[in-house]
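To convert, note that position 151 of the sequence shown is 151 in the numbering used here; the numbers rise steadily by one, no gaps.
Worth flagging that the hints you see were computed from the coordinates, not collected in a lab. Check each hint, because a few of them may be wrong.
As the list claims (entries may be wrong) - Simulated restraints on C-beta separations:
1) S53 with T205: 46 to 52 Å
2) A201 with S64: 33 to 39 Å
3) V121 with R248: 14 to 20 Å
4) E279 with H67: 32 to 38 Å
5) T61 with T205: 42 to 48 Å
6) V34 with L244: 23 to 29 Å
7) P203 with A93: 24 to 30 Å
8) A93 with V34: 48 to 54 Å
Note that beta-carbon positions come from the ideal geometry of N, C-alpha and C, so glycine has one too.
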Amino acid sequence: MKDADALSGVWAKNRHHLDTRSMTSLTVRTVHDVAGFAAVADYFSDVWHTPRSAPPVLPETLHSLAHAGGAVHAAYDGQRLAGASVAVFGPPALRETYSLMAAAEQGLGVRVKQAQRAWAVELGARTMRWTFDPLVGRNARFNLVKLGAVGAEYLVDFYGPMADGVNDGDESDRLAVAWDLIEPGQPYDSGGSDGTGDREAAPVTHPAPDGGPLARRDAADRYVWCRVPDDIVALRAADPELALHWRRAVREVFTKAFADGFTAAGMSRDGWYTLARPEATS
1 MKDADALSGV WAKNRHHLDT RSMTSLTVRT VHDVAGFAAV ADYFSDVWHT PRSAPPVLPE
61 TLHSLAHAGG AVHAAYDGQR LAGASVAVFG PPALRETYSL MAAAEQGLGV RVKQAQRAWA
121 VELGARTMRW TFDPLVGRNA RFNLVKLGAV GAEYLVDFYG PMADGVNDGD ESDRLAVAWD
181 LIEPGQPYDS GGSDGTGDRE AAPVTHPAPD GGPLARRDAA DRYVWCRVPD DIVALRAADP
241 ELALHWRRAV REVFTKAFAD GFTAAGMSRD GWYTLARPEA TS
């Protein structure tokens, strides 16, 4: 997992897959010491494919953020660091927090987010926001379906050019989500006749760069469905130009839908977002 970011969110992108046996040794705790901040910085370097001498976020910055009232959480499988997150508070009147960065191995994403949630709620927050790359379908499914967050803002080339080893050569569009920490949304698995409309029966409105359908919109104008590549990270490495075509095609669908009052409410297992009008999800 990576999430709202100084980069981009990728949940469960990793070297180890945690089995049931190892889950008994998992712990998530707040980092307070210099060595812990250095370990988290190294971990982020590994996830985002940067040299450890140039991590996405410096240990000193992590220390300063924690000292200023933010929180750095680290997840351990025994003694091995297997996930981490960084969060700060937003404007006091909004009672919200912002997750700057998070990453975790498969099976740990929920544990890390729940640790952030517990910290934030204890201090009076009601909402947490973060951003992630909308083309990374597994992250969309985690954020929208597993957590029940809602995507309500599409940010075009949010960070500008990035050179972190994961996002090289692409434009840094991001989907901003809000997670209600008190009463999370009731997400739904989009993709068929499951209460979100019949996707397959809806007319195709945009073709995808691979020749298949990219987007569909139902006749009642309550839902838009938009497809993303199976693995944008692999595609970006193999064919950057095609990946950029996908980026701009999905951007066109999202920006138009959001301008029309839709929000991102679900993601199917086969890579289709559901964008819905608020009245359709109430």
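Here is what the structure says about each hint:
The supplied range of 46 to 52 Å is met by S53 and T205, whose beta-carbon atoms lie about 47 Å from each other. For the hinted restraint 33 to 39 Å between A201 and S64, the CB-CB distance of approximately 53 Å leaves it violated. For the pair V121 and R248, the beta carbons lie near 39 Å from each other, so the given range of 14 to 20 Å is not met. In this structure the supplied range 32 to 38 Å is violated for E279 paired with H67, their Cβ-Cβ distance being about 45 Å.
Taking 42 to 48 Å as the suggested C-beta distance range, the pair T61 and T205 conforms, at roughly 43 Å. The hinted window of 23 to 29 Å between V34 and L244 is violated, with their beta carbons roughly 41 Å apart. At about 44 Å, the CB distance of P203 to A93 disagrees with the hint of 24 to 30 Å. Between A93 and V34 the beta carbon distance is about 34 Å. The supplied range of 48 to 54 Å is therefore violated.
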